[in-house]
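Engineer: Take a look at the letters that make up each chain.
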Amino acid sequence: MTKPDSLQSASPAPADDVIVDVRDVHYAVDGRAIFSDLNIKVRRGRITAVMGPSGTGKTTLLRLITGQILADKGQVVVLGRDIEQAKSSEIYALRKRMGMLFQNGALLTDMSVFENVAFPVREHTDLPEPLIRRLVLTKLQSVGLRGAAELMPTELSGGMARRVALARAIVMDPEILIYDEPFVGLDPISMGVILRLIKQMNTALGITSVVVSHDVKELATIADDSYLLSGGKVVASGSPKELAASDKEVVHQFMSGEADGPVAFHYPAPDYFDQLLMGEEP
Amino acid sequence: MSNGREENFIVGGIRRMGASLLFLFKLLGQCVPALGRPSLIIAQIYNAGGRSLIIIMLCGLFVGMVLGLQGFQLLQRFGSEEALGSAAALGLLKELGPVVTALLFAGRAGTALTSEIGLMRATDQLTAMEIMSVDPLRYVAAPRFLGGVIALPLLAAIFSLVGLFGAQLIGVQLMHVDRGAFWSQLQGAVGLGDIWEGLVKSVVFGITCSLIAVHEGYNAAPTAAGVGLATTRTVVASSVMTLLLDYVLTAFFL
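Protein sequences appear in the order of chains H and V.
Counted from 1, the first sequence has number 148 at position 148 by our numbering; the numbering is strictly sequential.
For our numbering, count along the second sequence from 1 and bump the result up by 1000.
The set of hints was computed from the structure by calculation and includes no laboratory data.
Owing to the predicted nature of the structure, the values given are computational and were not obtained by experimental measurement.
Some clues are possibly wrong.
Taking lysine to aspartate or glutamate and the EDC-like style, the derived pairs with C-alpha atoms no more than 20 angstroms apart in a straight line are [stated by the list, open to error]:
no.	chain 1	residue 1	chain 2	residue 2
1	H	K233	H	D72
2	H	K96	V	E1130
3	H	K87	H	D72
4	H	K96	V	D1135
5	H	K73	H	D21
6	V	K1026	H	E90
7	H	K41	H	D224
8	H	K241	H	D215
9	H	K73	H	D37
10	H	K87	V	E1130
11	H	K233	H	D21
12	H	K58	H	D30
13	H	K58	H	D224
14	H	K87	V	D1135
15	H	K96	H	E84
Distance ranges between label pairs, derived from CB positions [what the hints assert, rightly or not]:
no.	chain 1	residue 1	chain 2	residue 2	range
16	H	G144	V	I1010	53 to 63 angstroms
17	V	L1022	H	K87	11 to 21 angstroms
18	V	V1032	H	R122	14 to 24 angstroms
19	H	G144	V	F1165	50 to 60 angstroms
20	V	I1055	H	E129	33 to 43 angstroms
21	V	R1051	H	S157	22 to 32 angstroms
22	H	D247	V	I1010	56 to 66 angstroms
23	H	R122	V	V1203	25 to 35 angstroms
24	H	P262	V	R1051	50 to 60 angstroms
Every residue, glycine too, gets a C-beta built ideally from N, C-alpha and C.
Whole structure, please, built from the sequences with the hints as guidance.
Structural biologist: Here you go:
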């Protein structure tokens, strides 16, 4: 078994410091292995980046962590609770301590920006209306969209929608914040804003962050720990700088964005000429 | 080869019905807590019922008018035009009201429900709710199901009333059937049992059509094609089930 190119994150962390622990996880869909022997540790108060080429199962990993799917083998321990062993009600209780930013924002389209942010508060607390109003406006202010409180999701740009979704994700003061491809489709200004907000949530609120993305350069500026996934397992881990300096071929290809390498440019196919000439007279 | 296909079709159909039943049990479990949020249910009664009102009234009027014309032609042969009121009322209350309303409901409200929930699935809104520890079955599916179940019998009653008005319009105003005979025959022929039969049918159709619409939307593949397919399935399955159950219930009440 090839060991991952463990650079820095292998530095032992105290057990109670690990807030998400993915241990020897195997997961397959229709017999096709998505993960085999996957090991990832997310430490409290840090920003952990999970990177990898498209189709390596990054979003699937988030679904495992949030208990939407269960691993075929291995353990996923979140906030000290084994997801596999947890009852549905316990998973729901666990999720109250997590926030998640979806790739497209996933705002509820029949509610205004204000109501979207207020939604989890109304569902889980009996706070009086003036307090909910103050809480929502505070969170919207922190993402710079207090002025957009009355807009509907259809009136927002992609970057604004993601910021509203971020305000909604933090409104219950979660311990872990999970970002699924937060930079996809954003212009440079919006991308900078989201980057700054992720860092700010981490430093100002002490929220542990897990960022799944393939935007290497952007992540390198904020991540404390990084994992690179390929072929269903971690092929390298460490700080972004250490990953950038790695001489391992697959890491080098991903970090420098080369079109061909261990991750092949061509999808497996029969011989090119044979296929072109197939059915023609000799 | 065709045997294999038929087998797949049958097995697929049974699997789908089983999945719908399991979904119904889960949904019913969430209907009780959903009743504690009447504002959500009222909004869905308006969506499924209020927004279908015009089409239901319009179709009810035309069906009643056709019933008036055809009924008059038929009854005239036997010299009993005065029975038009009772024939129209029984036809509307026991059969046409619940059945045609259910078919229209499947086409108008059922498809809207399926595509709305399917799009919520495709745009991760349902997953976002799950992550926020809000069960989408309770918050999204149950109020829509209950809204449909309550709206359909109300719509069927309105359909029958408007249809009766249409039949009276043709019979009394156009064909000059005696007004007193029309209404007195109607009053004499229609009993509580007939109204009960129509009510039971419309409630059963309401449960069936709403369940199919919500189930198809909730389990739609999260793609444009998936939502389209789910919407088509809603109309086809609701229509077939409505007519099948209509036969079963009619046989039961005879």
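Engineer: Determine for every hint whether it applies to the structure shown.
Structural biologist: So, going through the hints one by one against the coordinates:
With a C-alpha separation of about 15 angstroms, the suggested pair K233(H) and D72(H) falls inside the 20 angstroms cut-off, and the hint holds. For the given pair, K96(H) sits about 10 angstroms from E1130(V) by alpha-carbon distance, which is consistent with the 20 angstroms threshold. At most 20 angstroms may separate the alpha-carbon atoms for a hinted pair to count; K87(H) and D72(H) meet this at roughly 17 angstroms. Restraint check for K96(H) and D1135(V): satisfied, since their Cα atoms lie roughly 12 angstroms apart, inside the 20 angstroms limit.
Annotation: proposed proximity of K73(H) to D21(H) holds, straight-line Cα distance about 14 angstroms (limit 20 angstroms). For a cut-off of 20 angstroms, the pair hint linking K1026(V) to E90(H) stands: about 18 angstroms separates their Cα positions. Proposed proximity of K41(H) and D224(H) is supported: the alpha carbons are some 12 angstroms apart, at most 20 angstroms. Of the supplied pair hints, the one linking K241(H) and D215(H) holds, its CA atoms being roughly 14 angstroms apart against a limit of 20 angstroms.
Note on K73(H) and D37(H): the hinted pairing holds, with a Cα-Cα distance of about 9 angstroms set against a maximum of 20 angstroms. Only pairs whose Cα atoms come within 20 angstroms are accepted, and K87(H) paired with E1130(V) is accepted, the gap being roughly 14 angstroms. At roughly 15 angstroms between alpha-carbon atoms, K233(H) and D21(H) fall within 20 angstroms of each other, so this suggested pair holds. The suggested pairing of K58(H) with D30(H) holds, with an alpha-carbon distance near 18 angstroms, which does not exceed 20 angstroms.
The suggested pairing of K58(H) with D224(H) holds, with an alpha-carbon distance near 18 angstroms, which does not exceed 20 angstroms. With a CA separation close to 14 angstroms, the supplied pair K87(H) and D1135(V) stays within the 20 angstroms bound. The straight-line distance between the Cα atoms of K96(H) and E84(H) is roughly 18 angstroms, inside the 20 angstroms bound, and the hint therefore holds. The hint said 53 to 63 angstroms for the Cβ distance between G144(H) and I1010(V), and at roughly 58 angstroms that hint holds.
Look at L1022(V) against K87(H): about 19 angstroms separates their beta carbons, and that is inside 11 to 21 angstroms. Range check, V1032(V) to R122(H): Cβ separation about 20 angstroms, and the 14 to 24 angstroms hint holds. Against the hinted window of 50 to 60 angstroms, the Cβ-Cβ separation of G144(H) and F1165(V) comes to about 59 angstroms, which satisfies the hint. The given range of 33 to 43 angstroms is respected by I1055(V) and E129(H), whose C-beta atoms sit roughly 38 angstroms from each other.
At roughly 31 angstroms, the beta carbons of R1051(V) and S157(H) sit within the given window of 22 to 32 angstroms. One distance hint, 56 to 66 angstroms for the beta-carbon pair D247(H) and I1010(V), holds here, with the actual separation near 60 angstroms. Between R122(H) and V1203(V) the C-beta distance comes to about 32 angstroms, which sits within the given range of 25 to 35 angstroms. Taking the beta carbon of each, P262(H) and R1051(V) are about 56 angstroms apart, inside 50 to 60 angstroms as hinted.
The structure shown violates none of the earlier numbered hints.
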